[in-house]
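Residue numbers (my numbering), protein chains in the order written: chain A, 1 to 342; chain B, 1 to 264.
If you are wondering where the hints come from, they were derived from the structure by calculation, not from laboratory data. One thing to keep in mind: the hints can contain errors.
[To be verified] 20 Å max Cα-Cα, derived PhoX-like pairs, lysine-lysine:
(1) B:Lys78 <-> A:Lys241
(2) B:Lys142 <-> B:Lys123
(3) B:Lys74 <-> B:Lys60
(4) B:Lys144 <-> B:Lys124
(5) A:Lys242 <-> B:Lys78
(6) A:Lys242 <-> A:Lys8
(7) B:Lys124 <-> B:Lys142
(8) B:Lys21 <-> A:Lys149
(9) B:Lys192 <-> B:Lys142
(10) B:Lys10 <-> A:Lys241
(11) B:Lys10 <-> B:Lys74
(12) A:Lys48 <-> A:Lys35
(13) B:Lys60 <-> B:Lys5
(14) B:Lys225 <-> A:Lys242
(15) B:Lys25 <-> B:Lys247
(16) A:Lys149 <-> B:Lys22
(17) B:Lys37 <-> B:Lys75
(18) B:Lys199 <-> B:Lys46
(19) B:Lys123 <-> A:Lys286
(20) B:Lys78 <-> B:Lys5
(21) B:Lys225 <-> B:Lys247
[To be verified] Quick list of the computed label-pair ranges, beta carbon to beta carbon:
(22) B:Lys78 <-> A:Ile144: 40 to 50 Å
(23) B:Thr120 <-> A:Trp199: 32 to 42 Å
(24) B:Gln82 <-> A:Thr210: 27 to 37 Å
Cβ coordinates follow ideal geometry from the N, Cα and C atoms, glycine included.
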Amino acid sequence: MENKSYTKHFIFLSVLLITLFFLNISFGSVSIPFKDIFSSIFGGNVAKDSWETIIINFRIPKAITAILVGSGLSICGLLMQTLFKNPLAGPFVLGISSGASLGVALLILGSSIFGGFFLTDTLSNWSLPIAASLGSFLVLLAVIIAANKVRNTMSILIIGLMFGSLTASIISVLAYFSEAAQIQQYLFWSFGSLGNLSWNEISVFAIIYTFGILSTIAVIKPLNSLLLGENYAKSLGINIKKSRNVILLITSVLTGVITAFSGPIAFVGLAVPHIAKMLFFSSNHKILIPAVAIIGAIVLLICDGIAQLPTSEFTLPINAITSLFGAPIVIWLLVRKKRIFV
Amino acid sequence: MKENKHIILKTENLSIGYQHKKTPKIVASNINLDIEKGKLVTVLGKNGIGKSTLLRTLSKVQQPISGNVYINQKKIEKLTEQQLSKQLSLVLTERLPESQLTVYELIALGRQPYTNWIDTLSKKDIEKIETAIAQTEIKHLKNKRFYELSDGQLQRVLIARALAQDTEIIILDEPTAHLDMHQTIKIFSLLKQLVLQTKKTIIISTHEINLAIQLADEIILLTEKTFFTGKPSELIANNAFDILFPKNLVNFNKTLQQFVINKN
Numbered sequence: 001m002e003n004k005s006y007t008k009h010f011i012f013l014s015v016l017l018i019t020l021f022f023l024n025i026s027f028g029s030v031s032i033p034f035k036d037i038f039s040s041i042f043g044g045n046v047a048k049d050s051w052e053t054i055i056i057n058f059r060i061p062k063a064i065t066a067i068l069v070g071s072g073l074s075i076c077g078l079l080m081q082t083l084f085k086n087p088l089a090g091p092f093v094l095g096i097s098s099g100a101s102l103g104v105a106l107l108i109l110g111s112s113i114f115g116g117f118f119l120t121d122t123l124s125n126w127s128l129p130i131a132a133s134l135g136s137f138l139v140l141l142a143v144i145i146a147a148n149k150v151r152n153t154m155s156i157l158i159i160g161l162m163f164g165s166l167t168a169s170i171i172s173v174l175a176y177f178s179e180a181a182q183i184q185q186y187l188f189w190s191f192g193s194l195g196n197l198s199w200n201e202i203s204v205f206a207i208i209y210t211f212g213i214l215s216t217i218a219v220i221k222p223l224n225s226l227l228l229g230e231n232y233a234k235s236l237g238i239n240i241k242k243s244r245n246v247i248l249l250i251t252s253v254l255t256g257v258i259t260a261f262s263g264p265i266a267f268v269g270l271a272v273p274h275i276a277k278m279l280f281f282s283s284n285h286k287i288l289i290p291a292v293a294i295i296g297a298i299v300l301l302i303c304d305g306i307a308q309l310p311t312s313e314f315t316l317p318i319n320a321i322t323s324l325f326g327a328p329i330v331i332w333l334l335v336r337k338k339r340i341f342v
Numbered sequence: 001m002k003e004n005k006h007i008i009l010k011t012e013n014l015s016i017g018y019q020h021k022k023t024p025k026i027v028a029s030n031i032n033l034d035i036e037k038g039k040l041v042t043v044l045g046k047n048g049i050g051k052s053t054l055l056r057t058l059s060k061v062q063q064p065i066s067g068n069v070y071i072n073q074k075k076i077e078k079l080t081e082q083q084l085s086k087q088l089s090l091v092l093t094e095r096l097p098e099s100q101l102t103v104y105e106l107i108a109l110g111r112q113p114y115t116n117w118i119d120t121l122s123k124k125d126i127e128k129i130e131t132a133i134a135q136t137e138i139k140h141l142k143n144k145r146f147y148e149l150s151d152g153q154l155q156r157v158l159i160a161r162a163l164a165q166d167t168e169i170i171i172l173d174e175p176t177a178h179l180d181m182h183q184t185i186k187i188f189s190l191l192k193q194l195v196l197q198t199k200k201t202i203i204i205s206t207h208e209i210n211l212a213i214q215l216a217d218e219i220i221l222l223t224e225k226t227f228f229t230g231k232p233s234e235l236i237a238n239n240a241f242d243i244l245f246p247k248n249l250v251n252f253n254k255t256l257q258q259f260v261i262n263k264n
């Protein structure tokens, strides 16, 4: 396929991404001069030791998390939209995020109901991610089994929605019987947070993320032929069942890991693919996948910057910001363009 | 002297239909076809008689109830999707999902059976795409998005995509369904011309009986009880068209070679 004039777009977006990365690091409750930020990154002399600690152990991990979460969720959204031929699809719609929430809810809320069966006070760094991944994986398993039984992708979408509301109602029941402290803890997780990740966790996150992105590149060909619908894709030599399962697996692993580490972050997965499709005026996944990844990272860096309320010591929940600022932008884009694409 | 026919598509005791709650609903059975290379074959029959089902079964979109389909003497069920995609291409009636694909990109997708894992177009791929564009005379549409096209233009683009796939057989399901008379004739003459130029076998289902009689090399006529195959002249001689529709409204006129409405 001809991919001529997109180089300029990509250069501009990459420069923007790098700029935002440094801006993101330089803002926070403690103001640190630019000079010291650069020297702590590139190994020069920093005026205060505490500054270096803040940069290396808090701000850079957070900015990297924002990039991984933003690009990962956006790619999941793109894959879902193409697979389901539905512009409203996204990682949330399949119920995979809800599955992760269910896992976390069982861990936090369930502990007060079922007594000491689950660890309560010692919620280690790892129990949340593991619970979330297990939850999303179980829902995914159910969706894949259903996907192989029904041939119609629209039905799979509805089955995903049903799983979503099922898990939501289980969470409500759990919350009803839980103590206030646990509910609060769960609520805080559901606000989403990009901070709090150690370098150790980030490296696990990055490894799984890289695996997901590399697999995505391998399904570019089936994704492009799916733009013609499943019958045409099949007639072009694509093994539909296999491609569909691979795409579902990538999405669930990425969404599961992201939700586990950062909480359920709404809007990004649905909206960023549409922003990319409008900016690039293309449906070719060879162009859209890198575009969506970069724009997703940019969007989340911006949202995180707003959430930090520069120079204030409060941080707003990231989940609220992504919806608060993102939803109106998408509405405006769609109203203006009047046409929405798979 | 024995005639040396190249049978490209063959069916053997084929029964077509749908699996409906474990009991098969058979639409037509005992279909034995021998389709030669380089022919324009039209499948005729009234609505709901099973034209699409037949084409879907021939192209492995749908499983037969029983019997076999052979392409170049190979059982179609034994072929992988990849192998089949190099021998048979499709133009379907279904609407394409709304995307921003350009006409060129859409036609280029026809090269997928031949491209590498990341779908890079080789020099040969680009040549085949350009040839397909030239054959269907749609060069001026190349950079348009496919949703900007009229029905007739889109049909030519889909035919170009099938041509780019470079298969010996092309199957088209009602390619002229939404077209006016002029566009319909243009598509038919394009298909006829492609058969003559490229020696491909083109199989289409259609309701355009008059055009089929004039242009087709072979007609497969599906009726409720049985089916007929043969050259248009043979079917006319056998009075095959007489049982196509109930006789009270229209009749086939042999001398005019077309259906005529009963006056009074």
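Status of each hint after checking the structure:
{"no.": "1", "hint": "B:Lys78 <-> A:Lys241", "result": "holds (17 Å)"}
{"no.": "2", "hint": "B:Lys142 <-> B:Lys123", "result": "holds (18 Å)"}
{"no.": "3", "hint": "B:Lys74 <-> B:Lys60", "result": "holds (13 Å)"}
{"no.": "4", "hint": "B:Lys144 <-> B:Lys124", "result": "violated (23 Å)"}
{"no.": "5", "hint": "A:Lys242 <-> B:Lys78", "result": "holds (18 Å)"}
{"no.": "6", "hint": "A:Lys242 <-> A:Lys8", "result": "violated (36 Å)"}
{"no.": "7", "hint": "B:Lys124 <-> B:Lys142", "result": "holds (18 Å)"}
{"no.": "8", "hint": "B:Lys21 <-> A:Lys149", "result": "holds (14 Å)"}
{"no.": "9", "hint": "B:Lys192 <-> B:Lys142", "result": "violated (23 Å)"}
{"no.": "10", "hint": "B:Lys10 <-> A:Lys241", "result": "violated (28 Å)"}
{"no.": "11", "hint": "B:Lys10 <-> B:Lys74", "result": "holds (9 Å)"}
{"no.": "12", "hint": "A:Lys48 <-> A:Lys35", "result": "holds (12 Å)"}
{"no.": "13", "hint": "B:Lys60 <-> B:Lys5", "result": "violated (24 Å)"}
{"no.": "14", "hint": "B:Lys225 <-> A:Lys242", "result": "violated (40 Å)"}
{"no.": "15", "hint": "B:Lys25 <-> B:Lys247", "result": "violated (27 Å)"}
{"no.": "16", "hint": "A:Lys149 <-> B:Lys22", "result": "holds (15 Å)"}
{"no.": "17", "hint": "B:Lys37 <-> B:Lys75", "result": "holds (17 Å)"}
{"no.": "18", "hint": "B:Lys199 <-> B:Lys46", "result": "violated (29 Å)"}
{"no.": "19", "hint": "B:Lys123 <-> A:Lys286", "result": "holds (19 Å)"}
{"no.": "20", "hint": "B:Lys78 <-> B:Lys5", "result": "violated (24 Å)"}
{"no.": "21", "hint": "B:Lys225 <-> B:Lys247", "result": "holds (16 Å)"}
{"no.": "22", "hint": "B:Lys78 <-> A:Ile144: 40 to 50 Å", "result": "violated (28 Å)"}
{"no.": "23", "hint": "B:Thr120 <-> A:Trp199: 32 to 42 Å", "result": "holds (38 Å)"}
{"no.": "24", "hint": "B:Gln82 <-> A:Thr210: 27 to 37 Å", "result": "holds (29 Å)"}
Hint compliance for this structure: hints 4, 6, 9, 10, 13, 14, 15, 18, 20, 22 are broken, all remaining hints hold.
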